[in-house]
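Colleague: These are the residues of each chain, in order.
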Amino acid sequence: MDLKAPHSMGTTIIGVTYNGGVVLGADSRTSTGMYIANRASDKITQLTDNVYICRSGSAANSQIVSDHVRYFLHQHTIQLGQPATVKVAANLVRLISYNNKNMLETGLIVGGWDKYEGGKIYAIPLGGTIIKQPFAIGGSGSGYLYGFFDQAWKEKMTKDEAEQLVVKAVSLAMARDGASGGVVRTVIINSDGVIGNFYPGDGLPLWHEELESHNSLLDILNASGPEPMNI
Amino acid sequence: MATTMVKEVGSEPAQLLGPESASERTLYPYVTGTSVVALKYKDGILMAADMGASYGSTLRYKSVERMKSIGKHSLLGASGEISDFQEILHYLDELILYDNMWDDGNSLGPKEVHSYLTRVMYNRRNKFNPLWNSLVLGGVKNGQKYLGMVSMIGVNFEDNHVATGFGNHLARPILRDEWHENLSFEDGVKLLEKCMRVLLYRDRSAVNKLQIAKITEEGVTISQPYALKTFWGFSAFQNPTVGAEGSW
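Keeping their order, the protein sequence lines are chains A and B. Residue 55 in UniProt numbering is what sits at position 55 of the first sequence, and the numbering runs on without skipping anything. Residue 79 in UniProt numbering is what sits at position 79 of the second sequence, and the numbering runs on without skipping anything.
Rather than coming from a laboratory, the hints here were simulated on the basis of the structure. This one's a predicted model, so the numbers in the text were calculated from it and none came from an experiment. Backbone N, C-alpha and C fix where the C-beta goes; we use that ideal spot for every residue, glycine too. Please note: incorrect hints may appear among the correct ones.
In silico SDA-like links for lysine to any residue, alpha-carbon gap of 25 Å or less [as the list claims (entries may be wrong)]:
id : chain 1 : residue 1 : chain 2 : residue 2
1  : A       : 156       : A       : 214
2  : B       : 68        : A       : 156
3  : B       : 190       : A       : 223
4  : B       : 194       : A       : 206
5  : A       : 132       : A       : 48
6  : B       : 141       : B       : 89
7  : B       : 229       : A       : 116
Which stretches of chain A does chain B cover? Using the computed rule of at least three CB atoms under 8 Å from a CB of chain B, they are [claimed, not checked]:
id : region
8  : 30 to 42
9  : 109 to 118
10 : 199 to 206
11 : 211 to 217
Reference listing, derived: stretches of chain B covered by chain A, where coverage requires no fewer than 3 residues with Cβ under 8 Å from a Cβ of chain A [said to hold, decoys possible]:
id : region
12 : 58 to 70
13 : 186 to 200
14 : 208 to 214
15 : 224 to 230
16 : 235 to 244
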C-alpha cells in the first residue's frame, strides 16, 4: 500500500439545475493510492446557507480552498447585510483556484440558490476557469458520464426528476470508476432551503454484470438445494 | 590519461542490455485482477476471488474467472496481469497433457504444480521479463492438503492461509486471528466472506461479484458468481461533517 500517496478524492461530482433550484450530488470514496481511506466521506461542503460546493481531486487542496472561501463569504455576508449570491461565491473560488494554479490540484462545482438569479451551477476545473452551466460533471468518474448526460439531460426538470438523474448518474460512474464508490449523497437547494439525502451503496440500482447481493454463499446453496456447479 | 565513461550506480538495467532488448521486457501491467484469499479447512482448501479485471482505475471487465482447476487435484487463483495468467494456464495445460500422456496411473499433485510454477516465475524474473502475477495454488492429494503461493519475483511459500495483493494487508490479519485447524465448510466460507467484504470496503479495485472454490479429495468445485451485502447504516455515515468547523 502506498501510504505516502496523497489523499485524493478520485470522485464523481455532479451539479444540475432544475425548475426552482439546484441538485448537487457526489460519491463518498476518498483514497490513499489504492486504499480506501474513507468510504463514507462528505464531498458536498457548505459555503453559506444557500451555496454549497462539490469537491474533487486532492482532498487537502479542496478542503483548504473551501475553508478560505467560507471565511471570505462570511465576512462578505456581514458587510452586504444579506445572503451572498451564487455568482459571488463561485468567483471567490475561481480567484483562489486561478491565483494558485501552480500549487492546486482540485476541480470544483459550486451550486446554490439566490433571490436574484434562482438556482445556478458554476464549474471551476483545474486552472481556475469559471463556466456557468445548466449542469456540470467532474472528477475521475465523470469521464464515464459524458455520453449519458448528452442523452439524458433535458431543460426544466422537476426537483424529483433532477435528483433521480443525479443519483442514477453517480451510481453508473461508481460502477466503472475504481476511484468512486460508497454511498451517493445529494444536496437540494431552493427557495425553501436545503435538503441533504443519503443513498447507501446497497440501495442503488444494479447495472450490467452486477448481481443482487446476499449475506452469504451458504444462503444461496441452502436455498436452491444441490445443483451442478461449474468445474 | 585514459578517460573512461563510468555508468552511475542504479542506472536502468535496460541501458545495459541495449535498446533492442528494452522493448522485450514487461514494464507494467495493463489489465489486472485484485486479491485472492485462500485457507485450509477440514476437507481441503477454500479459495475466493472476485471477478473483476481493472484497466488502470477503470473497472473494465466484471465477469473474469480468476480461479481455474488444474488437473484433478489442484486449483490455481491469480491476481495481476490477466494476459500473463492466461499464458500460465496455457503452460499448465501442456504440463498436464504431457503428464497424462505417460499414462502411468500417476497424476501431478498440487505440490508438483506449485514447484513448476515457482521455477517458471523465478526464471522469468531472472531475465527481467516477469509474468506479472501473484499465484495461489491449492489442492488435496492422497488426503494431504496443500496451499502455497508464488509471487512475480519467485518468492514462494506454503501456509494454512494465504492471500495476494491487498489481501495480505487486510485479510491475513483476520485469518491469523480467526483461522483454526478443522474449520467446517460453513465456517470456512463465512471466514472467507468476512475477508472479501473488508476488501470490498477498502480496496479500490475490488468488484462486488465473487466466486468461492473448494477442492477436496473428490475434486474441484467453483461456485456460481454472487454478490455480497454491504453495510452502510452507521449513524456516523449519515452526516459526518455535522458539528465540524471545516470540510472534513
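Colleague: None of the hints should be skipped; say for each whether it holds.
Modeller: Here is how each hint holds up against the structure:
no. : hint          : in the structure
1   : A:156 x A:214 : 39 Å, violated
2   : B:68 x A:156  : 53 Å, violated
3   : B:190 x A:223 : 16 Å, holds
4   : B:194 x A:206 : 22 Å, holds
5   : A:132 x A:48  : 19 Å, holds
6   : B:141 x B:89  : 20 Å, holds
7   : B:229 x A:116 : 46 Å, violated
8   : 30 to 42      : holds (count 8)
9   : 109 to 118    : violated (count 0)
10  : 199 to 206    : holds (count 3)
11  : 211 to 217    : holds (count 7)
12  : 58 to 70      : holds (count 6)
13  : 186 to 200    : holds (count 4)
14  : 208 to 214    : holds (count 3)
15  : 224 to 230    : holds (count 7)
16  : 235 to 244    : holds (count 6)
Checked against the numbered hints above, the structure violates hints 1, 2, 7, 9; every other hint is satisfied.
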